[in-house]
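With the hints as extra help, turn the sequences into a complete structure.
Take 502 as the starting number for the sequence shown in the working numbering and just add one per residue.
Calculated from the structure, these hints are not laboratory results.
This structure is a prediction, so every number in the text was calculated from the model and none was measured.
Heads up, a few of these hints could be off.
[To be verified] Here are the computed lysine to aspartate or glutamate pairs in the EDC-like style, where the Cα-Cα straight-line distance is at most 20 Å: (1) Lys623 x Asp554; (2) Lys996 x Glu893; (3) Lys1012 x Glu956; (4) Lys925 x Glu952; (5) Lys698 x Glu751; (6) Lys1012 x Glu939.
[Said to hold, decoys possible] Beta-carbon label-pair distances, calculated as ranges: (7) Ser558 x Pro700: 39 to 47 Å; (8) Glu778 x Arg750: 17 to 25 Å; (9) Glu562 x Ile974: 36 to 44 Å; (10) Ala940 x Ile974: 31 to 39 Å; (11) Gly957 x Asn870: 35 to 43 Å.
The C-beta atom is built at its ideal place from N, Cα and C for all residues, glycine as well.
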Amino acid sequence: MHLKSICLLTSLCGLALLSSCVSHEKAAATPLTRGGVILNEDSSNYYMFRNDDEVISGLSELARHYCVGGITDVFYTCCARQASFDSKVLEPVWKDVEFREDGKVFFRKQELTAPTLINWAKHTKMLADAGINPYQVWVDESRKLGRKGWISIRTNDLHGVNEIDGFMNSDFWRQHPEYWRITWRGGNWGDRAFDFKHPEVQQELINFVAELLEINDMDGLEIDWMRFGWQFQPGYEDEGREILTNIHREIRRLARQAEKRLGHPIAIAARVPSRPEYAFVNGYDPIRWAKEGLIDMLIPCNFWATTDPQLPVALWRSMLPENVLLAPGIETLVAPYSGAPLVGGLIDVTVGQACSFFYQGADKFYLFNHMDRPGNGAETVKYLAEHCASLEAAAASKRRHVIAYSDIVPPGLAGNAVLPLRVKGIGALRFNIGLAPEADRNAVVLLGLDEEPGEGIVVFVNGKRAEPLTDNIPQDGMNGSVKARRAWKASNLLKNGDNHVEIQYWSDTPKLNIVWAEINIAAKE
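Here it is, written out as structure tokens:
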């Protein structure tokens, strides 16, 4: 069922089941715009958290929630390991799910009890049975509201792979463990990603791209290589770079065919690891894709465990052709180092990253996992759409510039976490804050420590000694490893871009162990 040859494309022209019910809003033949915010809608979020009555009636409302303020593009994700629509290439998510008259739901004779999974299967099937393609509805509604509507493909999603016979896995994945990335051991979910060295795995993705381009009229197609970011057996990433480049060549070719039929451009974006060296060693060659004209937008981004405030935007920008847009992405979670307690929903950290990234040359700012849900999330989306859409907007807002790390380090390479930082003598931290605040605006260096410190901590900001703050220390959220806070005034010491913070502490008792660090800047009055 899954491994159709590329000749499948000729038969897809007759498919009308999903597209015939939609009156398409034709896209304007305009290039991608610089500035503003991109938002990615999860493949399951809408279906899981709406009730039966809302699923069809609320389709347009979802787009209206997202197409606000400075949001210029919305990416609607259509799949995980399975498709959230009636695909003929990937299995639809409701395959082998039985909805019984007594209200119970079974997957292959095993009862499903999680309401979110039941809703995902039930609601996607409801839409398909009604002949509705939700992705075309969302793209069309986005266009009506003056935004670009994209469809996003998760290339190697691993949700649920530790339960091999579970609801979220496809038969193709389940029946071919020899195609998994690591076959000599198990237990780590990254081990069970598909290894794209196998032609059958490559072909499934190509066929799915072809199907999406045939049954949808979209402004752009995102190839999300960061769900979950591991594409090749360790040690074979060099060969992998050529494989992924060839896949992108075929995707561009298919998009060009669709453009001729539809009469407007279809942009291609790729989401890759946050740092260039990690992307390359992990088997990606995004700079080559950009120089060959295979992508129109690059989205470097962390995987999941934390956002990466130290993502080197200026370095990425220096390597990319000018005509390829750079849209660095962030997650909702923050962790200062691997294994640290996670913190979510720190919107001032998100604003801080927008300020830093736009200052370094980002063209757009990309939000991942910032979806809205009924009664929860729409106001956050509106806030970020207003405060993260430009350098000026972010710079004027309350913002926090934190230290974190990249969570997509290739196997065998050392990690990059700066924290926790044990200071005995001199320690140093670096923060890119974008535009420096006005000299009279409240800004502090804020350190989170894993125990109450002794006296004698001295802090220099860009070579100038900072005055300790003894009261009104910001109490903004940090993670659970922080047991004490210390702060220093930095309002007139900060500069645009990189800022160097030096911590001096010479005592051994107690130890000075920094487990959280940030520059905290109040909103402009």
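Check your understanding: Is it true that the C-beta distance of Glu778 to Arg750 lies inside 17 to 25 Å, as the hint says?
Key -> This hint holds: roughly 24 Å between Cβ atoms.
(Q) Given the hinted pair Lys925 and Glu952, is their Cα-Cα distance within 20 Å? (A) holds, 15 Å
Between Lys996 and Glu893, is the straight-line Cα distance small enough, at 20 Å or below?
Holds, at about 16 Å.
Lys623 and Asp554: Cα distance at most 20 Å? holds, 12 Å
- Take the C-alpha atoms of Lys1012 and Glu939, compute the straight-line distance between them, and say whether it is at most 20 Å. violated, 35 Å
Are Gly957 and Asn870 spaced within 35 to 43 Å by their CB atoms? holds, 41 Å
*Per the hint of 31 to 39 Å, is the separation of the Cβ atoms of Ala940 and Ile974 within bounds?*
Once the Cβ atoms are compared, 21 Å apart, the range 31 to 39 Å for Ile974 and Ala940 is violated.
(Q) So if I understand the rule, the pair passes when the alpha-carbon distance is 20 Å or less; does Lys1012 with Glu956 pass? (A) Satisfied, since the Cα-Cα distance of roughly 11 Å is no more than 20 Å.
Note to self: Between the alpha carbons of Lys698 and Glu751, is the straight-line distance 20 Å or under?
What the structure shows: Distance of about 16 Å is within 20 Å: holds.
Exercise. Ser558 and Pro700, beta-carbon distance inside 39 to 47 Å?
Worked result: Between Ser558 and Pro700, where Cβ atoms are some 44 Å apart, the hint holds.
Practice problem: Determine whether the Cβ-Cβ distance between Glu562 and Ile974 falls within the hinted range of 36 to 44 Å. | Solution: holds, 42 Å
Figure legend: structure checked against the earlier numbered hints; hints not met, in rising order: 6 and 10.
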